[in-house]
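Asks: Since the structure of chain P is already known, use the hints to place chains D, G and Y with the ligands on it.
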Amino acid sequence: MARVVVDVMPKPEILDPQGQAVARALPRLGFTGVSDVRQGKHFELEVDDSVDDATLDKIAEGFLSNPVVEDFVVRRVQS
Amino acid sequence: MARVVVDVMPKPEILDPQGQAVARALPRLGFTGVSDVRQGKHFELEVDDSVDDATLDKIAEGFLSNPVVEDFVVRRVQS
Amino acid sequence: MTDTVDNAKNTPDQEQPYRELGLKDDEYARVREILGRRPTDAELAMYSVMWSEHCSYKSSKVHWRHWSANTTPEMKAKMLAGIGENAGVVDIGDGWAVTFKLESHNHPSYVEPYQGAATGVGGIVRDIMAMGARPLAVMDPLRFGAPDHPDTKRVLPGIVAGVGGYGNSLGLPNIGGEVVFDASYQGNPLVNALCVGAMRAEDLHLAHASGTGNKVILFGARTGLDGIGGVSVLASATFSGDEGGTESTLDPASGSSARKKLPAVQVGDPFTEKVLIECCLELFREGIVVGIQDLGGAGLSCATSELASAGDGGMRVELDKVPLRATGMTPAEVLSSESQERMCAVVKPSDVDAFMRVCAKWDVIATEIGEVTDGDHLVITWHGETVVDVPPRTVAHEGPMYERPIARPDYQDALVANGPEALPRPSTPDELRALVLRMAASPNLASRKWVTEQYDRYVRGGTVLAQPSDSGMIRVDEQTGRGVALATDCNARFVKLDPYTGTQLALAEAYRNVAVSGAEPLAVTNCLNFGSPEDPGVMWQFEQAVRGLAEGCKELGIPVTGGNVSFYNQTGTTAIHPTPVVGVLGVIDDVRRRIPTGIGAEAGETLLLLGDTHDEFGGSEWAHEVHGHLGGTPPRVDLAREKLLGQVLVAGSRDGMVTAAHDLSDGGLAQTLVETVLIGQTGARVFLDPDQDAFVQLFSESAGRVLVAVPRSEELRFTEMCKVRGLPVRRTGVVDPESNALEIQDIGVIPLTELREAWEGTLPKLFG
Amino acid sequence: MRVGAVTFPGTLDDSDTLRAIAASGAEAVPLWHGDADLKQVDAVVLPGGFSYGDYLRAGAIARFAPVMGEVVDAARKGLPVLGICNGFQVLCEAGLLPGALLRNSELHFVCRDQWLKVENNTTPWTSRYDAGAEIIIPLKNQDGRFTASQSTVDELEGEGRVVFRYVGGNPNGSVNHIAGISDATGRIVGLMPHPEHAIDALTGPSDDGLGMFLSLLDQVVSA
Ligand SMILES: Nc1ncnc2c1ncn2[C@@H]1O[C@H](COP(=O)(O)OP(=O)(O)O)[C@@H](O)[C@H]1O
Ligand SMILES: [Mg+2]
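Residue numbers (our numbering), protein chains in the order written: chain P, 1 to 79; chain D, 1001 to 1079; chain G, 2001 to 2768; chain Y, 3001 to 3223.
Same shape as in the complex, but just chain P:
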């Protein structure tokens, strides 16, 4: 078994209202020094060793993310 992490983020040129809401709120809470925030999704998958990287990519691209507006990164974190 392996733990696989997939991070899905809005593409850089795409509006990210969620990240902006956080970024705008931080100074009001007294936290300065954060110039930009982007918010995406974080998936943790428990994966059989038989599942290869190509399959993981397919899962991430075709299902966990929406390629029209999002990018993704796949990482195996342990096995």
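Calculated from the structure, these hints are not laboratory results. Treat the hints with care, since some could be wrong.
[Unchecked claim] Part of the chain G face toward chain Y, derived, beta carbon under 8 Å:
(1) Asn-2168
(2) Gly-2171
(3) Pro-2270
(4) Phe-2271
(5) Lys-2274
[To be verified] Chain Y stretches covered by chain G per the calculated footprint, using a threshold of three residues with CB under 8 Å from any CB of chain G:
(6) 3013-3021
(7) 3105-3119
(8) 3128-3135
(9) 3160-3170
(10) 3200-3208
All C-beta atoms in this analysis are idealised placements derived from N, C-alpha and C, irrespective of residue type, glycine included.
Replies: Just chains D, G and Y with the ligands, lined up with the frame of chain P:
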């Protein structure tokens, strides 16, 4: 400037219907071998070098996550 | 390097990618002729986007003569603003003006269902705000491919979530819409959105930029790269479903290939739009807005050229002042960006401070970007250099206009000749009972609850009727109870068989849906969804539809106040069924007199069927669902009868004679009965006419019919009223709460639980 | 008596809440998120909506608004506070009520007429209801699944602090079908369904929601 990543996940004992929905859908799409999925949030912050780890923890714990139901991890990824 | 006007003068022969931007050779030549030189990159971006099908209506405009030819002075008198404004406005009495409009967001919703639908709602809401009105409610007529097709499973949940996600966050109740399945929409779903708003009649703000020296203020979201070229996708002749996601602008200015991969989708931020609404309303209340315009398709290109040409004609804009979200944007990109949640206002210099204060209160970014000048040119500068210098009318209004070839399609005769007469019909009671259940569970007739439960229908506290009622009804005036009712309809199969009659049937159904609620129909909007205008067969359908609608409205005496055209709805060379969605708005002087759709628990009330039933199955739901058949002619339409029905229902509501009313449409009497008992949660006993075929009585889709419930004490008075007015009426059943069943005499008893399971089970099974 | 309703950016049901307060006979006082001023009200309602778009978490940003500092202080001193939907979420985020509200188990927004059982009619917001009364009012939200640790749930149940419970099906997967709870004093109540949308059968499923606003009147008269 540093890029800081904060991952926020539902606590293990908290039901995660979003992750479950993903886990249930995968076999239907022909992907086998994924035994569990949990879904959380992924934040990427652009942070001034002046912001120390204690402050980042405060932002993550007091604001980006809800300690009643979520855990978080903070990572600096570059500087 | 920025392409300036001086540069354009000095390099007259520089090649320009006008074809990639969608301009034809003669259109480009016309731009050069207007300017007396080649356009700059920024000007080319403006002209190409504003002269696109979507913005210029170049293929449809010549047919608008049907509207004017069919609008009598009497009809005009009710309109405070009509075709040509952001949205039509009608006077509903008590000093109230109501504005409403339908718009399409079809192609973007195919590419990215959630965001496409969400920004569709956002766009139509800003249209209503640009009239100076408070948005009150939204509706969402939707059409999808076959219910069990995998692509429908991809787009439907996203579109529904997008309509809800945006509308719910704005605090606008969703009061109705449509969900229709037909394979002709595979690869090309239709997402139409309607918004209705109200204002005091004296507060009507039209978009214009008059008054030399007045300031132009852009407010709302920052401008980014998202949605650049969105307009070309919206109406692109080359739209291809398969690669829609990567379609993007070919930006003349940047020349960088990196930009070419930008997705042509816009991402909505409903929170920003919500504060923008509140901010605008406060600005209107303060009386500090001279003119206002929303930024929709074509972004600043559209807003600046339209504002300027609607005013005195002169405007100067410093484009580099526009707050940006992306780095390195070119003037052409800033002008064509379709970033959402932005508005543009013209404000007197003395009011600018007050304007900025209101924006600051709502945390809305506002920036003075230019001013009205006394010239007749729109001049746009970029860091001091002039990049646009054009007569604004030539951008906004004097685009090309085409008289496209029209030809009745070759297949039409065969389609009409292939009538439903030969289709096998059920005859035994068991077959008929089974058919009632099968039709109730069919995807097109089944309960829409799975969809509509995702929409907030309560917010603002003015919703008097919403789904699953025939029409949505909103209270406009809390003191007097004055309100409006709205319905949208279109049976595209009828339109396919006969576009003229089919469109009139859509009008008739929407009219009837409003009338059964007790409201008096007042005005019409439309969204004309068709295939390619370059196909003479499609243009024939289009012309027939416009003429049918215009002439129908004249007969009913209610004006068309506005609408929207969406062409190029096709997959490959196959066009969708022509789908002219018609929206009718009615007024009711006291919403407490509304007539509900479901029957109440009052035992012994009488069910009366108004109108005539003929053997009419061409294009019917039965032929479609049971036989997969489409052919013959649609039901006859009799608008005088519809009008009479409307009068009877309004009178019935005024005199409190009617306790429930539900029209007959898709699925015929059987479906109306199913919905009447299930919505009312009350059983009924029904007796059919022994002299007419039971199948025809139950499933024919003859127009001009309504089922009403009247208290027994009113039965005679109501029946007499119908007879006096020449409206056929037949006693057809009684309300029977004890039974908890729908009993159709000589056919069978269907317990409400069994009926409900059939009706409500389908959509969750398909999409749940 | 004066009852306030707070408008945050993105609040949607503020005007409905003010209407409901007025319908109960109290004076409805609009309160603004940016003003640290409760305008001498005798009770506060935090209405529903999507404050700040709910983009981070429902209620997560609103709880830091200047007005919330005042609400928290006054609530600790006994001011009755009612949080409806987003307002309930804000109260949980602010720590005035325990637990959290997570994405509905069906994962989408749900708007329906919902039956509730009034489990506790001794709070300032529920005294007009009979104990165990069943009422029908609209439910509409995306994040309505009440969640808390087992010990918290036990405490809520044991102390009679479950004020409303869903009946006729659990619409969002809330633990123990919990629709609304109170703090230990009973003066701070949060619930997901919307009483302000049920004050008149013309525009809501019933007028059952009015009871919550009327209850408050008794409270002050007897206090
Ligand atoms: N997409 C939708 N959004 C909101 N309401 C809808 C939608 N689709 C259908 N409805 C509602 O469901 C009910 C049934 O729809 P429909 O059968 O099309 O009505 P009718 O036959 O009276 O025109 C109506 O109240 C309609 O407004
Ligand atoms: Mg109807």
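Asks: Does each hint fit the structure? Answer for all of them.
Replies: Here is what the structure says about each hint:
{"no.": "1", "hint": "Asn-2168", "verdict": "6 Å, holds"}
{"no.": "2", "hint": "Gly-2171", "verdict": "3 Å, holds"}
{"no.": "3", "hint": "Pro-2270", "verdict": "7 Å, holds"}
{"no.": "4", "hint": "Phe-2271", "verdict": "3 Å, holds"}
{"no.": "5", "hint": "Lys-2274", "verdict": "6 Å, holds"}
{"no.": "6", "hint": "3013-3021", "verdict": "holds (count 4)"}
{"no.": "7", "hint": "3105-3119", "verdict": "holds (count 5)"}
{"no.": "8", "hint": "3128-3135", "verdict": "violated (count 0)"}
{"no.": "9", "hint": "3160-3170", "verdict": "violated (count 0)"}
{"no.": "10", "hint": "3200-3208", "verdict": "holds (count 3)"}
The structure shown violates the earlier hints numbered 8 and 9.
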